[in-house]
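Colleague: Here is what each chain is made of, one letter per residue.
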Amino acid sequence: MRQIRCAFVFHKSIFPLKGEPSWHARVDRWYQLDAPAFGLCELWSQAPTVEKPALIVLASPGGCNGSDALFALQGASSPARFVHTLPSLRASALLQLMNWHGPLICLQNDPHSLSRALSEGAEWVSLNQQVCWVLGCDADYVAYRFCLGGEGNMRLERGGAAAALPLDSEINVWLGKSNGEPTAALGGGWQITRAAGA
Amino acid sequence: MIGVVAYGASTAAGEGVEALWSGVHSGRDFSRALDCSDWPVKPDFAARACLLPSSREFENQEERLFTHLHRAWREASADLDRGQLGRVGVILASTKGFVEDRIWNSNSDLRQDFLAPLLTRFCRLAEVTAVTQVVVSNACASSHSALWLATQWFQADRVDTVIVLAVDGVGPFVLQGFHSLQALSVSSARPFAPDRDGMRLGEAAVVVVLASKPCAIGLTGVGLDAEGFAAVRPSPSGQSLRRALRALASVPDMIIAHATATVLNDVVEDQVFHTHFGLAPVVTGSKWSIGHTLAACGAVDLVLACESIIRRTGFRLGNTPEVDPSFRCRYLTQNAALDVEPERVLFSALGFGGIHAVAQVERWLDA
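Here the protein sequences line up with chains F and X, keeping their order. Its first residue numbered 1, the first sequence is counted upward by one per residue in my numbering. Its first residue numbered 199, the second sequence is counted upward by one per residue in my numbering.
One or more hints might be untrue.
[Stated by the list, open to error] Using C-beta positions, here's what the derived DEER-type ranges look like:
| id | chain 1 | residue 1 | chain 2 | residue 2 | range |
| --- | --- | --- | --- | --- | --- |
| 1 | X | Gly225 | F | Ser22 | 34 to 42 Å |
| 2 | F | Lys18 | X | Gly284 | 54 to 62 Å |
| 3 | X | Ala414 | F | Leu17 | 54 to 62 Å |
| 4 | X | Glu539 | F | Ala139 | 39 to 47 Å |
| 5 | F | Gly66 | X | Arg230 | 32 to 40 Å |
| 6 | F | Glu151 | X | Pro523 | 50 to 58 Å |
| 7 | F | Glu151 | X | Gln532 | 55 to 63 Å |
| 8 | F | Val173 | X | Ser235 | 46 to 54 Å |
| 9 | X | Pro238 | F | Gln46 | 37 to 45 Å |
| 10 | F | Ser78 | X | Val384 | 14 to 22 Å |
| 11 | F | Lys12 | X | Asn305 | 27 to 35 Å |
| 12 | X | Pro241 | F | His24 | 28 to 36 Å |
| 13 | X | Leu323 | F | Ala139 | 47 to 55 Å |
| 14 | X | Glu255 | F | Pro16 | 16 to 24 Å |
Keep in mind that the hints were calculated from the coordinates and are not lab data. Think of the CB as a built atom: it goes at the ideal place given N, C-alpha and C, for glycine as much as any other residue.
The following block holds chain F by itself, in its conformation from the complex:
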């Protein structure tokens, strides 16, 4: 498969939220979630899907450094803070909301964590011909979701020369400019193209 359709959505959360989120009853101890975990849940609540992925790749730019600092600098005694020092915990609440289970892999490769996650997701979809989600949440509480392999407003293609991985910041700039270049390189020979009007 050389061309993969991709649906991209994102959501900027208010964190911490004043009051309960709409999904509070469905996630155990929602009030203990850190910002990225909260953001992914908010994104799902804003943009739920019927189709579920066969694989989730969680991009973790910056690792869990923010949550690490919260745990350490507040005395390293809070179990609620400690659990969020692992990237896999970011998806745990989301999986409860989605009622989903399956293979999940947390990747980091700063400053190319997102581009690496996207290229790995694209490779997996190309091999397995199933839907893969690439999820993540940046330092500004913007949670994002790329649904690779279903319908979508973007497409990933391979065919060009293998290029170096772009910086995540370059991808973020490209994603934020709806009237910018239609295509951006993702590395590993993959590129992402915005559909006309997207």
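Given chain F, work out where chain X should sit, using these hints.
Modeller: Here is chain X on its own, set in the frame of chain F:
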């Protein structure tokens, strides 16, 4: 099947695979009291863990762990024909082992993760040119997840060789964290025992070299499943571990269980393994001896699984004289006869965030 070409290891048992095997096989518990006098947060409990051997002082945690990782690589690569590696992929499996040097200083730059640069550093030091490289951080299932990703790379014909680096360390951050979860034993790790009360933490640096060619030992399958149940405990139904097991087609002779010696983990593993396999395989574990080495534990157990097959014997749960009477699997307890000659060994991992993983190795080519 993917060939397990070579491996190297440093654990609390010592430097080298021979030290690891001898230590675990001889029934030795390598946990010891920790000197916390210069820790930024001093524990209010008796801190014990299974630390890597230190023949000298290191500048910091990163240097100490990386030195052991490099030693493990030197062991793994001693007989490697570097010209035959082909297209090389490198995966680093790690969690919080390297956090200590940075996290206690409020002036540290925390904007970028500090694991990815270690990959670059390793490739430079090992003189490896990687066609693809990435860090996998899937909690205690990180090594298994690295193996899973490696199988995807091989299936897509993206690589000829994959080097898996698995390393994690223990310091105040990790120790305090697990203590806050009440997951640590106050005495010793006694997996599957009726009076088990938690785990011991440990450190390890392991390198595994995989290739798409027949070897003495082959990796026959890796199963990975994440469930949305709870943050730090598995669903008592064991469904996620059952789903992971579906990736494996054959019954093992021996299981190296995750066996953390926490109440819940051991219940789930006994229930699932017995339901899935019955009494066919014997069950054992390694964390009672060298500690729970976090992201590296899967790689440690892969090495032990391979050595069990090569040496045609197993190893016991050295701290477990008797198993919880409610458990139904067949366990290699402290005094059990080692009458197993495994040809196929399964090793499992359960990670925070609901991640469950299994992998299996078996004899492929007779030496």
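Colleague: Given the hint of 50 to 58 Å, is the C-beta distance from Glu151/F to Pro523/X inside that range or not?
Modeller: Holds, at about 55 Å.
Colleague: Between Ala414/X and Leu17/F, does the beta-carbon spacing fit 54 to 62 Å?
Modeller: Once the Cβ atoms are compared, 56 Å apart, the range 54 to 62 Å for Leu17/F and Ala414/X holds.
Colleague: Lying within 37 to 45 Å: is that true of the beta-carbon distance Pro238/X to Gln46/F?
Modeller: holds, 40 Å
Colleague: Could you tell me whether the CB distance from Leu323/X to Ala139/F stays inside 47 to 55 Å?
Modeller: Violated, at about 31 Å.
Colleague: Starting from the range 16 to 24 Å, see whether the pair Glu255/X and Pro16/F falls in it by beta-carbon distance.
Modeller: violated, 43 Å
Colleague: Please test the hint of 14 to 22 Å on the beta carbon pair from Ser78/F and Val384/X.
Modeller: holds, 21 Å
Colleague: Falls inside 55 to 63 Å, the C-beta gap from Glu151/F to Gln532/X?
Modeller: For Glu151/F and Gln532/X the Cβ distance comes to about 58 Å; the hint holds.
Colleague: Do Pro241/X and His24/F keep their Cβ atoms within the hinted range of 28 to 36 Å?
Modeller: holds, 35 Å
Colleague: Do the beta carbons of Gly66/F and Arg230/X sit within 32 to 40 Å of each other?
Modeller: holds, 33 Å
Colleague: Quick check on a hinted range of 54 to 62 Å for Lys18/F and Gly284/X, using CB atoms only.
Modeller: Holds, at about 56 Å.
Colleague: So does Glu539/X sit 39 to 47 Å from Ala139/F, Cβ to Cβ?
Modeller: 54 Å Cβ-Cβ, so the 39 to 47 Å window is violated.
Colleague: For Lys12/F and Asn305/X, compare the CB-CB distance with the range 27 to 35 Å and indicate the outcome.
Modeller: Between Lys12/F and Asn305/X, where Cβ atoms are some 28 Å apart, the hint holds.
Going down the numbered hints, you'll see the structure goes against 1, 4, 13, 14, while the others check out.
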